[in-house]
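Taking the hints into account, I'd like the entire structure generated from these sequences.
Protein chains in written order, with the working numbering: chain F, 1 to 109; chain H, 1 to 112.
Calculated from the structure, these hints are not laboratory results.
Ideal Cβ positions, reconstructed from N, Cα and C, are used throughout, including at glycine.
A hint or two may mislead.
To be verified - Computed spacing ranges between beta-carbons, pair by pair: (1) Glu67/F to Pro96/H: 23 to 33 Å; (2) Gly52/F to Pro95/H: 16 to 26 Å; (3) Ala76/F to Lys53/H: 42 to 52 Å; (4) Gln66/F to Arg14/H: 47 to 57 Å; (5) Lys53/H to Gln14/F: 51 to 61 Å; (6) Lys57/H to Ser26/F: 17 to 27 Å; (7) Arg14/H to Phe18/F: 47 to 57 Å; (8) Gly16/F to Lys53/H: 46 to 56 Å.
These are the residues of each chain, in order.
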Amino acid sequence: KNEVEQSPQNLTAQEGEFITINCSYSVGISALHWLQQHPGGGIVSLFMLSSGKKKHGRLIATINIQEKHSSLHITASHPRDSAVYICAVPRNTGNQFYFGTGTSLTVIP
Amino acid sequence: DVKVTQSSRYLVKRTGEKVFLECVQDMDHENMFWYRQDPGLGLRLIYFSYDVKMKEKGDIPEGYSVSREKKERFSLILESASTNQTSMYLCASSPPGYNEQFFGPGTRLTVL
Numbered sequence: 001k002n003e004v005e006q007s008p009q010n011l012t013a014q015e016g017e018f019i020t021i022n023c024s025y026s027v028g029i030s031a032l033h034w035l036q037q038h039p040g041g042g043i044v045s046l047f048m049l050s051s052g053k054k055k056h057g058r059l060i061a062t063i064n065i066q067e068k069h070s071s072l073h074i075t076a077s078h079p080r081d082s083a084v085y086i087c088a089v090p091r092n093t094g095n096q097f098y099f100g101t102g103t104s105l106t107v108i109p
Numbered sequence: 001d002v003k004v005t006q007s008s009r010y011l012v013k014r015t016g017e018k019v020f021l022e023c024v025q026d027m028d029h030e031n032m033f034w035y036r037q038d039p040g041l042g043l044r045l046i047y048f049s050y051d052v053k054m055k056e057k058g059d060i061p062e063g064y065s066v067s068r069e070k071k072e073r074f075s076l077i078l079e080s081a082s083t084n085q086t087s088m089y090l091c092a093s094s095p096p097g098y099n100e101q102f103f104g105p106g107t108r109l110t111v112l
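Below you can see the structure in the form of structure tokens.
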């Protein structure tokens, strides 16, 4: 049983396209995290959100707590957005997280 | 800026060897974590530590042990490496609470 499900697993887009990555979770949470992992391994945090919407540049994250669903949108996608995007929600104990399996995004010039 | 460093980016070892992966963070974080990442499985927690000399098993501790003798350093040990331990290993640290975790660059370990 996966507490966090992401879709799609893989996504290929043309440069300039609007992209949506979805995350559904089954546990009660205080906040949800979106992470980005570029080729080569390093993971960085993009957003932590507990309600509504957050925007950072061309990235927008939304969350619907009642429906236990979050989306990550990328507007005007660019090849440098090519990365794996990971959704994470806190567990009940130990400062730990449940992680989604990630969405691998490739943006073609 | 928080910095988490890992001792190697790439490592190749033979079956049966003892392997040490080191992680160092420079932000005085209490919590440190070791994950492995495999295609289709995502990040899986091996061990974590919330204080010096404290350690807790994660979801997949079998075949691994850890050591935290100093607050800034968290080591992952493969007592006898096996081919099924070929993976990407990522270390992370965080302050208390469900805050952002800061990840190291990862070590891609291949066991032959």
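Hints and how they fare:
For Glu67/F paired with Pro96/H, a C-beta distance near 30 Å keeps the hint of 23 to 33 Å intact. Taken as a hint, the range 16 to 26 Å holds for the pair Gly52/F and Pro95/H, whose Cβ atoms sit roughly 25 Å apart. With their beta carbons about 50 Å apart, Ala76/F and Lys53/H fall inside the hinted range of 42 to 52 Å. With their beta carbons about 53 Å apart, Gln66/F and Arg14/H fall inside the hinted range of 47 to 57 Å.
Distance hint for Lys53/H and Gln14/F: a CB-CB separation of about 53 Å, consistent with the stated range 51 to 61 Å. Distance hint for Lys57/H and Ser26/F: a CB-CB separation of about 23 Å, consistent with the stated range 17 to 27 Å. Distance hint for Arg14/H and Phe18/F: a CB-CB separation of about 48 Å, consistent with the stated range 47 to 57 Å. Between Gly16/F and Lys53/H the C-beta distance comes to about 53 Å, which sits within the given range of 46 to 56 Å.
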